[in-house]
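*Asks:* Sequences listed follow chains L and E, in order.
For what it's worth, the working numbering labels the leading residue of the first sequence as 245, then goes sequentially.
For what it's worth, the working numbering labels the leading residue of the second sequence as 1435, then goes sequentially.
No lab work stands behind these hints: they were computed from the structure.
These numbers were taken from a predicted model, which means no experiment stands behind them.
Please note that a few of the clues may not be correct.
[Unchecked claim] Heads up, simulated DSSO-like pairs for lysine-lysine below, C-alpha to C-alpha not over 30 Å straight-line:
| no. | chain 1 | residue 1 | chain 2 | residue 2 |
| --- | --- | --- | --- | --- |
| 1 | L | K264 | E | K1491 |
| 2 | E | K1448 | L | K369 |
| 3 | E | K1526 | L | K264 |
| 4 | E | K1526 | L | K272 |
| 5 | L | K316 | E | K1561 |
| 6 | L | K264 | E | K1610 |
| 7 | E | K1448 | L | K261 |
| 8 | L | K346 | E | K1765 |
| 9 | E | K1788 | L | K253 |
| 10 | E | K1693 | E | K1788 |
| 11 | L | K261 | E | K1622 |
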Amino acid sequence: MNSTKEFIKELSEKYGKERKSLMPILQKIVERNSYLSVDAMREVAQILDISAAEVYGTASFFSFLDTQARGKYKIRVCKSITCDMKGKSEILKTIENILKIKVGETSKEGKFSLLETNCLGWCHKGPAMLINDEVYTELTPEKIRNVLSEYIRERK
Amino acid sequence: MNTNINKLEYIFSKDCDDNQVLAKALSFSNDEVIEELIKSGLRGRGGAGFPAGLKWKFTATQPGDEKYIICNADEGEPGTFKDREILTQVPKKVLNGMALCAYGTGIKKGYIYLRGEYKYLVSHLQKNIDEFHEEIKKYGIDFNIDIFLGSGAYVCGEETALIESMEGKRGEPRNKPPYPNTVGYLGKPTIVNNVETFASTMIVFRLGAENYKKLGTQDQHGSKLFSISGDSPKEGVHEIELGMSVEDFVREFGDGDTKAVQVGGVSGFCIPRKGFKNAIIGEGNPTGGSTMIFNSSRSMYNVLHNFLDFFAEESCGQCTPCRVGCQQLLKGIEAVKSGEKPKEYLDQLIKLSKTMQITSKCGLGQSVTNSFTSIVENFREEMIY
Ligand SMILES: Cc1cc2nc3c(=O)[nH]c(=O)nc-3n(C[C@H](O)[C@H](O)[C@H](O)COP(=O)(O)O)c2cc1C
Ligand code: SF4
Ligand code: FES
Chain L
245 MNSTKEFIKE LSEKYGKERK SLMPILQKIV ERNSYLSVDA MREVAQILDI SAAEVYGTAS
305 FFSFLDTQAR GKYKIRVCKS ITCDMKGKSE ILKTIENILK IKVGETSKEG KFSLLETNCL
365 GWCHKGPAML INDEVYTELT PEKIRNVLSE YIRERK
Chain E
1435 MNTNINKLEY IFSKDCDDNQ VLAKALSFSN DEVIEELIKS GLRGRGGAGF PAGLKWKFTA
1495 TQPGDEKYII CNADEGEPGT FKDREILTQV PKKVLNGMAL CAYGTGIKKG YIYLRGEYKY
1555 LVSHLQKNID EFHEEIKKYG IDFNIDIFLG SGAYVCGEET ALIESMEGKR GEPRNKPPYP
1615 NTVGYLGKPT IVNNVETFAS TMIVFRLGAE NYKKLGTQDQ HGSKLFSISG DSPKEGVHEI
1675 ELGMSVEDFV REFGDGDTKA VQVGGVSGFC IPRKGFKNAI IGEGNPTGGS TMIFNSSRSM
1735 YNVLHNFLDF FAEESCGQCT PCRVGCQQLL KGIEAVKSGE KPKEYLDQLI KLSKTMQITS
1795 KCGLGQSVTN SFTSIVENFR EEMIY
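With the sequences and hints as input, model every part of the structure.
*Replies:* If you want it as structure tokens, here you go:
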């Protein structure tokens, strides 16, 4: 894999070096590195010729543009009303027990981060969660165990 | 007024050739397309309910060539999932609706602003967009659509915040006026319409404006998708003629023990049992189609707490009444519940929420009072004990 610096250069060529390309560029970096490091944001600022504070300002606004180090798999459990009514707390507890991390934390080997999020648009099939871009609905503790064991088993 | 639920099947109907509908619509002149839409009475389906035809007309008449069409697929209102269903099942209806808009207004560039939570839909959508680009060539329409992905911010569903984020900035709503139809994306006139609004324009042209207008009530025309969730054996997306009372709605979709219905999502209103008879869904409440059903096992304090937590988190923080107000309302109900504050404090909180309605910059802060006041007033005891 080439360096983040080269990657950002490629992105700026693909999306253009204008301010309006900022979101897609940041999204692609998060997709690759799972978060935006200070260095990555500085690099983007330089290439788009805007201040690093502007880049951070935009990045920090959006919950999916993580500016803190995150695991390879980001688990986002919906905590809005219908998922809450359908047992989101139990789901969260199950995940915490399996991965031995609490909401907001990343597992030691850097593989999983556990986060909460607002309505995912699957309220009729709650509780719902995302693992990166993948949607999981109608969760039960058993379903969680099955899903997570697949992610855990996967090598690397 | 209809007293019964009239289920319809237009939006998801598979037996209708949308390309044929588009071809039919294109037999009208540009102006006629817009006039037909105005005649149909179709209102925006994203929440605010502005007449779609008028929005197109205002934007079409703005000077200049560089203008944009944006399909708002940010769908962040809790309890709403119909736009996702539309984009999954009948994406061509939305794309053709956008093409119609392009034809009517002469705009050449369109975007679909898709919430980051729906990123899994990108490849499906892109495939449909590629096919669509080929299909409209034969009608001689010069129009091109790109997908723009959001990144997890509810407020970006607000049209000016959406535009700010597309420009690479923080998703903070702008002052209105100017409205996007004069100063929008990159400062150019821009039409922002909801996913379902674009899909509904296809129904207008399938049925004809006259027939479309006959559906619904005096104020609300056509059929509408409702996202139904909560304590209901029939959760999911349902297409229903506008104008039904909450009472009929509950009879059809409730579990027999319905205590309250939240209409219009967290920014909408909570209707308690005693109000079912006189409340009409979509009249005097937002038209987004989120309907959440609560049965008597639910604590309305927990419901309100969840809503306020949502607002406090999703407030962009740009203006003080909303930023501080949301947090104070949340702390306030906690304090009353724990006995730290007397129950009369609830009245002060209601006043605060009304101040937020007047002084907040955008619809987020302005609508917190809807659910707050309707829940606190109707379930006061649950807030205290
Ligand atoms: C806080 C907030 C969030 C909003 N979210 C959405 C949304 O997710 N989808 C949407 O279509 N409209 C949303 N709106 C309404 C838009 O600002 C705008 O009115 C709408 O997209 C216009 O389209 P329509 O006329 O077709 O409904 C939101 C408004 C506010 C104030
Ligand atoms: S009302 Fe709230 S969300 Fe809207 S601009 Fe003000 S702080 Fe931001
Ligand atoms: S409340 Fe969880 S997906 Fe909507």
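*Asks:* Regarding the pair K1526(E) and K264(L), is the alpha-carbon distance no greater than 30 Å?
*Replies:* 27 Å, holds
*Asks:* For the pair supplied as a hint, K1448(E) and K369(L), is the alpha-carbon distance within the 30 Å limit?
*Replies:* 24 Å, holds
*Asks:* Compare the distance between the alpha carbons of K346(L) and K1765(E) with 30 Å, and conclude whether the hinted pair is satisfied.
*Replies:* Holds, at roughly 24 Å.
*Asks:* Hint check: K316(L) vs K1561(E), CA-CA at most 30 Å. Holds or violated?
*Replies:* At roughly 28 Å apart (the allowed maximum being 30 Å), K1561(E) and K316(L) satisfy the hint.
*Asks:* Take the C-alpha atoms of K1693(E) and K1788(E), compute the straight-line distance between them, and say whether it is at most 30 Å.
*Replies:* Status holds; Cα separation ~25 Å.
*Asks:* Regarding the pair K1448(E) and K261(L), is the alpha-carbon distance no greater than 30 Å?
*Replies:* 43 Å, violated
*Asks:* Does K1610(E) sit within 30 Å of K264(L), going by the straight-line distance between their CA atoms?
*Replies:* Distance of about 22 Å is within 30 Å: holds.
*Asks:* Given the hinted pair K264(L) and K1491(E), is their alpha-carbon gap at most 30 Å?
*Replies:* 27 Å, holds
*Asks:* Is the hinted pair K261(L) and K1622(E) satisfied, with a Cα-Cα distance of at most 30 Å?
*Replies:* Holds, at roughly 20 Å.
*Asks:* For the pair supplied as a hint, K1526(E) and K272(L), confirm whether the alpha-carbon distance does not exceed 30 Å.
*Replies:* Holds, because 27 Å separates the two Cα atoms, which is no more than 30 Å.
*Asks:* With a cut-off of 30 Å on the C-alpha distance, tell me whether K1788(E) and K253(L) pass.
*Replies:* 49 Å, violated
Of the numbered hints given earlier, the model fails hints 7 and 9; all others are met.
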